[in-house]
Amino acid sequence: MAIPPDDGCTLTGALSVTTEIDGCLTLIHGPAGCTHHNFSLLHALHTARDRITHFSLISTDMTEQEVIFGGEQLLEETLRRALSRHPELVCVLSTCVAATIGDDVDAICNLPYEAPVVHIPTGGFLGGGFLAGHIQALNSLSFFADESEKTLSVNLVGEKTLEYEVCEHYQEILRILLRIGVPVNVRFICASSFSDIQNLGKASLNILRDPSMVPLGISLKRELGIPFIESFPLGLEGTIRFMERVGEFFSLDVTAAVSEEEALQKEMVRVFSSLKGKRITFNTNPLTDMHPPYGYELADMLDLEIHDQGNPVPVPDPFPVGTNGIRRLLHRWRRRCHA
Amino acid sequence: MPDCAGPLWPCGLTGAAACLSGIRGMGVIIHGSAGCYFYPATAIHRPLYCTSLTDQDIIHGTDESLFRTIDSLKEKYPCISVLCTCIPSIIGEDIRATLEDRYGDSARIFVLDAPGFIGEYETGYIAALSCLHFIESDSRQEHVNIDGLSLMDPFWRGNLQEIERLLRLAGAGCGATLCAGDISHDSKLSPCTVHANPDLMSGHGKSLGSLFGIKKIKETIALLEDRYSEGDGVLSENYLPDAEERIVSSCDKYLKRFDPPRVVLSGQCVSMEEIASMLAEYLGAEILGIASRNAPVQGKYPVELIRDYGTMQEMLELKCPDLILGSSFEHTAFPPAAFVGITPPLRGTVKLHARPLAGIEGALALMESVLNACMDHQKPI
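Going line by line, the protein sequences match chains S and B.
Oh and the first sequence: position 155 is 155 in my numbering, straight run, nothing missing.
Oh and the second sequence: position 259 is 1259 in my numbering, straight run, nothing missing.
For the record, the hints were derived by calculation from the structure and aren't laboratory data.
Don't be surprised by glycine CBs; every beta carbon is placed ideally from N, CA and C.
Careful: at least some of the hints might be erroneous.
Stated by the list, open to error - DEER-style ranges, computed between Cβ atoms: (1) ARG1068(B) / ASP50(S): 41 to 51 Å; (2) GLU88(S) / GLU1314(B): 44 to 54 Å; (3) ALA1354(B) / PRO112(S): 49 to 59 Å; (4) ALA1354(B) / ILE68(S): 27 to 37 Å; (5) GLU114(S) / GLU1281(B): 45 to 55 Å; (6) PHE1258(B) / SER84(S): 36 to 46 Å; (7) ALA1354(B) / LEU252(S): 58 to 68 Å; (8) THR1349(B) / ARG335(S): 21 to 31 Å; (9) ASP1259(B) / GLU168(S): 39 to 49 Å; (10) ARG1068(B) / GLU267(S): 49 to 59 Å; (11) ASP106(S) / LEU1318(B): 36 to 46 Å; (12) GLY1061(B) / ILE68(S): 19 to 29 Å; (13) GLU1281(B) / ARG49(S): 31 to 41 Å.
As the list claims (entries may be wrong) - From chain B, some residues computed to sit far from chain S (all C-beta separations above 12 Å): (14) GLY1035; (15) GLU1136; (16) ARG1140; (17) LEU1169; (18) TYR1239; (19) LYS1256; (20) VAL1297; (21) LYS1319; (22) PHE1329.
Said to hold, decoys possible - Quick look at which bits of chain B chain S covers, simulated, 3 or more residues with Cβ under 8 Å: (23) 1012 to 1022; (24) 1085 to 1091; (25) 1105 to 1118; (26) 1179 to 1185.
Okay, chain B solo, but in the shape it has when bound:
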């Protein structure tokens, strides 16, 4: 069994909290200790609530703490979700039945078992999404859902704005936004969906493809225009060729002076694969490897599951990249390389504006960051 030295990725509880706290009007209660509360609360930046269980609750039962917390929130929120952490899950109370007895139809309450030991971030996120029972509506044929939005993702606001823009330009309306932005627990889904994050696909609606990475953007935009814009393909005829030309020209200029970078990418597997493709295609980058935070999917580039800081550091020291795309963990673990932050956490930097990683502007922003980081890195000190 490998060591788990400095786990890099959050547990299922954080994934569930990130998903549900993106739903408008949803009061999210972490049913557990204050210790389980603090990390999601600091990472998600939305109001979260906690039953703050103590040893007394373990002895006498946790229902009173839960009732107290729900009672203080049920006038404020039309809908409440209760995320059961490790301890309520271990002691085996029937929370659903208890809440049904107490509140019946007087409060809309979702209960989700989200103990940290059951899995990681993506597992918790998808489990939370599935407990919401969204309904598809035929009246929303001209709209397209956007999924893969998570408050844990530092790029979610930028991704949402960019994909809304692309949908408008493709002639479609913006459907449900899973799970951030203007979605509520009773929002109706449109029949089709595009993905802001190919590692967090909801399974809701017919997939029209991902908007992450130029290659996938081209394919998805072609489908969108075909379906919604009746031959007026402003995106595929103007915006995409223009963006691609700007990337090609900037990369070409870079390559006049410098060798292509040798790159390690660290983050969610499918997203990293898409970014690696862009770097290889436009910048001639050598992809040394992808360190995947979630279950790896074998693709064009070497990929391995790396869940802990110790293994990550060993991998970086072995491969010795010129450029790392990842989180501030990787930046700290291997300071000699140029760095572009694309994976949470991104500590030690101020982030105020809505920067995208998905869509055309996301691809441009990414390539801009990569070229600037590589050039800054090679300037004489």
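One chain only, chain S, in its complex shape:
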């Protein structure tokens, strides 16, 4: 295919995790260009979200010299200089260039250092795509979690930290969880610290961002004994079902919380009643979502007509979280329908 699918580099996937850890220094073993690409993309996303937090990203700045003679010595020198900045944690990410010339990154990372050093084998495209890098980084970092006594709390696992509205999604799931009386233990990993990662094992339940994180959910269940729910709450009915599942897991009575949420949803449908009878068509990515179930649910709820010539309305993938996510989406639908 001439235009790549909307995935990206393993490196970017791993960086979407490691740059979210406070006190972590990420070292990329490869040409400076690979680091610049990602540094600039992350800078753009942070700026768009009004974040002025700085993340530490160092490149070994590999040149033709290392491509010919090998880059292990350069990696070790750069790693030792990076450690002189006293980071709490160093994540070493390899690129496709390092993987192709056969540098033994593991061996360098396993030398004794004064701070934890973890190699996340990303290998650029040799290691898969963005999602593979995201999961690989979370997997590698989960080994820092301590065995702990379980508490009445959940971990949020695999938030898509590069999403423009990641903070809004977090606020919404937090609202829903607090409504049923369940606190969040750790965001694994979004705006987290190294000690947060060590506390990962204290939660009784993991809530995965979406089903693409199931392989990680299975791994965390095996290693830390934490079962999982495979997705954040999506859709109107899905949000109610999510509350009931979490309540059931913790043996909590969520009847009142569910009634309040249903009332909120009913009020939202009333606010958007001007959409009634409008013709819409779904503006979806044909490769990923031919039949957007949450789109049909909303169309049904608001009495919209789905028609080939209708106003094209967005159905994002992943779908916005919870009732408030749907409210923001309906504002966009209303604008498209001029209602």
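Fit chain B to the given chain S structure using the hints.
Below, chain B alone, put in the same frame as chain S:
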């Protein structure tokens, strides 16, 4: 060896892609992984294509992926360029010979080695330009080429429009525009060239000078009028004195209330030097330093090569400027200073209209932004 902590400037691959995707009718293929594709694709805002190499291609060879991609584009584009990224360059396939065997004369294909490890943005841009083999034409004597246009530059459209305007007023036609606007791979070059960006000079045509910074604009316009307008110097007699007077008057008014700013500039070296000269001359600014993204050229002001965010932040904290001219990296690194964005990337702002940085309007726009930023910065909160 210094740390490379948060590299600020794109690699040669991005420079090459920026150059070639500015050529009309050119399909640009990034021969590498999807990871190498995404950054140039988001920064250049033009269709780019990619062979999306996988580990299987490394084992079995990358030619099939390349053929597939070219076959899907060759009916759409009269000309195709293949930019080989790090991995095809390392594994050493003879891409040119392979494509010659497969396509012969049936497709016009340029192949360029553009691995990221070989150099930075300017290196890739100039290498891409040199692979195009433009031909000069005597029939275009009355036209002047414009070079230094790059789709990576947020000011390229404004620069192009402004320089076209100046050339018309100077009595010349607009020649080839390297490399954006209406140029195609077989465009003929005019014998003379003016530069929109003194850090991206193509080497094509006889240089009539740069149109970046008032001092250079004056010199270049004098040459242009001398050559093309037969004594009717509307630019040097009216437009330039008027623009300069407006700058002088606005700066004078500013200095009635405020001290001159202490400035750090960050971007391509020669361009920053020209801007620094303007700030010093009209606003009495103290130039604390120039942080150069490309190989520095020693000039009137202190300059150092700064390629990474960490060093940039240290420099800004040390010099503590009142005003920074640079990219949104510098804006983020040192929020207390007033800021004017002149270097990519410029994130966190909406840019819709064609704002110039070169030419008379570019100089006016720049000084306007500087004065507004400095005044806004000193308003009580």
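Hints versus structure:
no. : hint                               : verdict
1   : ARG1068(B) / ASP50(S): 41 to 51 Å  : 42 Å, holds
2   : GLU88(S) / GLU1314(B): 44 to 54 Å  : 21 Å, violated
3   : ALA1354(B) / PRO112(S): 49 to 59 Å : 57 Å, holds
4   : ALA1354(B) / ILE68(S): 27 to 37 Å  : 45 Å, violated
5   : GLU114(S) / GLU1281(B): 45 to 55 Å : 52 Å, holds
6   : PHE1258(B) / SER84(S): 36 to 46 Å  : 42 Å, holds
7   : ALA1354(B) / LEU252(S): 58 to 68 Å : 59 Å, holds
8   : THR1349(B) / ARG335(S): 21 to 31 Å : 23 Å, holds
9   : ASP1259(B) / GLU168(S): 39 to 49 Å : 43 Å, holds
10  : ARG1068(B) / GLU267(S): 49 to 59 Å : 53 Å, holds
11  : ASP106(S) / LEU1318(B): 36 to 46 Å : 39 Å, holds
12  : GLY1061(B) / ILE68(S): 19 to 29 Å  : 22 Å, holds
13  : GLU1281(B) / ARG49(S): 31 to 41 Å  : 40 Å, holds
14  : GLY1035                            : 2 Å, violated
15  : GLU1136                            : 33 Å, holds
16  : ARG1140                            : 35 Å, holds
17  : LEU1169                            : 38 Å, holds
18  : TYR1239                            : 37 Å, holds
19  : LYS1256                            : 34 Å, holds
20  : VAL1297                            : 21 Å, holds
21  : LYS1319                            : 19 Å, holds
22  : PHE1329                            : 6 Å, violated
23  : 1012 to 1022                       : holds (count 3)
24  : 1085 to 1091                       : holds (count 4)
25  : 1105 to 1118                       : holds (count 4)
26  : 1179 to 1185                       : violated (count 0)
Hint compliance for this structure: hints 2, 4, 14, 22 and 26 are broken, all remaining hints hold.
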